[in-house]
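J.: Starting from the known structure of chain A, fit chains B, C, D, E and F onto it as the hints suggest.
Chain residues, written in single-letter form:
There are 6 protein chains.
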Amino acid sequence: MPVIQVDGPQISVDKKRELARRLTEVAAEVYEMGKEHIIVLIRENPPENVAVGGELIVDRRKGTSTK
Amino acid sequence: MPVIQVDGPQISVDKKRELARRLTEVAAEVYEMGKEHIIVLIRENPPENVAVGGELIVDRRKGTSTK
Amino acid sequence: MPVIQVDGPQISVDKKRELARRLTEVAAEVYEMGKEHIIVLIRENPPENVAVGGELIVDRRKGTSTK
Amino acid sequence: MPVIQVDGPQISVDKKRELARRLTEVAAEVYEMGKEHIIVLIRENPPENVAVGGELIVDRRKGTSTK
Amino acid sequence: MPVIQVDGPQISVDKKRELARRLTEVAAEVYEMGKEHIIVLIRENPPENVAVGGELIVDRRKGTSTK
Amino acid sequence: MPVIQVDGPQISVDKKRELARRLTEVAAEVYEMGKEHIIVLIRENPPENVAVGGELIVDRRKGTSTK
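Residue numbers (my numbering), protein chains in the order written: chain A, -12 to 54; chain B, -12 to 54; chain C, -12 to 54; chain D, -12 to 54; chain E, -12 to 54; chain F, -12 to 54.
Isolated chain A (complex conformation) (with noise of 0.2 Å):
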């Protein structure tokens, strides 16, 4: 029944195959659940739609920003 929602940038289907098996191991031990209860949605959002700090990560990465 956990629910596991990960928002990173956009990965190989390998390393999502990677993400989802490891952080189901983990939550299943913490939990003391079997992994079959566990659910992981990754989400793969575009540089263009994360910002830290106020400012999109396509603009980091370019070096417009000025700081």
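Honestly, the hints are just simulated from the structure, not real lab data.
On a predicted model such as this, the values are computed, not experimentally measured, just so you know.
Be aware that a few hints might be false.
The list cannot tell twin chains apart, which means a pair is met if one copy fits it or any two copies do.
[Said to hold, decoys possible] Dumping the calculated SDA-like pairs for lysine to any residue here, alpha-carbon to alpha-carbon at most 20 Å:
#1 Lys22 - Pro34
#2 Lys49 - Glu35
#3 Lys2 - Asn32
#4 Lys22 - Gln(-8)
#5 Lys49 - Val39
#6 Lys2 - Gly41
#7 Lys49 - Val0
#8 Lys2 - Val13
#9 Lys49 - Ser(-1)
#10 Lys49 - Asn32
#11 Lys49 - Pro33
#12 Lys22 - Gly40
#13 Lys2 - Gly21
#14 Lys2 - Gly40
#15 Lys49 - Asp1
#16 Lys2 - Met20
#17 Lys22 - Gln(-3)
#18 Lys22 - Val45
#19 Lys49 - Arg8
T.: Using the frame of chain A, we list chains B, C, D, E and F on its own:
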């Protein structure tokens, strides 16, 4: 004011129309509010972005799993 | 695997039971999946934590608003 | 550490830049934290994935609704 | 229709009022929509339920961390 | 920048500490980022607010279910 977020697989517009209409009817009745106050957000998740039991849906379908 | 997150006001356990049962029935039919794959998370939000039109629900009720 | 998730329609990168910058400024002031601690996630939802009052936005615009 | 979900620490009702009002103003301007279409959900997270860098906020404050 | 939201049952602070630390380690490795960029939000849901298969967890435990 109630907000219903649904994470599921990709579906047709007709399915979305039915899903939104019926979820809203249920919420309006249970919360005893007018339907105009209910918002539904449908999120479509590709099968490589969702895992159950630590295994991506895309792998389950392929029978990649050894279980 | 579909996950339905509902943000609404505080409700009784009987209301939660009805909400979860009926939302699940709708989702199971539209997604053409067994009900056992559907998860519902009900979040109860106090009226001071939700705003519509920039005004907290708790203020709307009190008529604190000058509008 | 505050995380602001915004679900809205599709917008230009310039609009995203402005949205992220200004939401972050507000949150930093109200929470009395440095801006570098604020994360903004912008989610763009196609009009067929959002409903108000049980009706998809895409249908409202088309005037498909009989209401 | 835009929905803004804010996860932050516990704050006073006055702070919530200001946060909701100002976030709504920004969203209404950027999305070019009337304020009445904007919903804000404020979630208050106790410091033991949030982690940055793998460390709970409650531990950071206490200096429990050995780093 | 990755944000991990975990919805599960109520757990002790020690469990939260372990959950946050280990989920962060996994995400940092898979995303190839420093741990300081990873945020974890743990949400604790009472068993009357979560349903699987249309049935509240609180009812499943009680054996209220007739299934």
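J.: Please go over all the hints and tell whether each is borne out by the structure.
T.: Do the hints match the structure? See the list:
| no. | hint | in the structure |
| --- | --- | --- |
| 1 | Lys22 - Pro34 | between (32 Å within a copy, 18 Å between copies) |
| 2 | Lys49 - Glu35 | within (11 Å within a copy, 29 Å between copies) |
| 3 | Lys2 - Asn32 | both (15 Å within a copy, 16 Å between copies) |
| 4 | Lys22 - Gln(-8) | both (16 Å within a copy, 18 Å between copies) |
| 5 | Lys49 - Val39 | within (14 Å within a copy, 25 Å between copies) |
| 6 | Lys2 - Gly41 | between (28 Å within a copy, 13 Å between copies) |
| 7 | Lys49 - Val0 | between (26 Å within a copy, 14 Å between copies) |
| 8 | Lys2 - Val13 | both (16 Å within a copy, 11 Å between copies) |
| 9 | Lys49 - Ser(-1) | between (23 Å within a copy, 18 Å between copies) |
| 10 | Lys49 - Asn32 | within (17 Å within a copy, 26 Å between copies) |
| 11 | Lys49 - Pro33 | within (14 Å within a copy, 28 Å between copies) |
| 12 | Lys22 - Gly40 | between (36 Å within a copy, 5 Å between copies) |
| 13 | Lys2 - Gly21 | between (23 Å within a copy, 16 Å between copies) |
| 14 | Lys2 - Gly40 | between (27 Å within a copy, 16 Å between copies) |
| 15 | Lys49 - Asp1 | between (27 Å within a copy, 15 Å between copies) |
| 16 | Lys2 - Met20 | between (24 Å within a copy, 13 Å between copies) |
| 17 | Lys22 - Gln(-3) | between (25 Å within a copy, 18 Å between copies) |
| 18 | Lys22 - Val45 | between (36 Å within a copy, 17 Å between copies) |
| 19 | Lys49 - Arg8 | between (33 Å within a copy, 17 Å between copies) |
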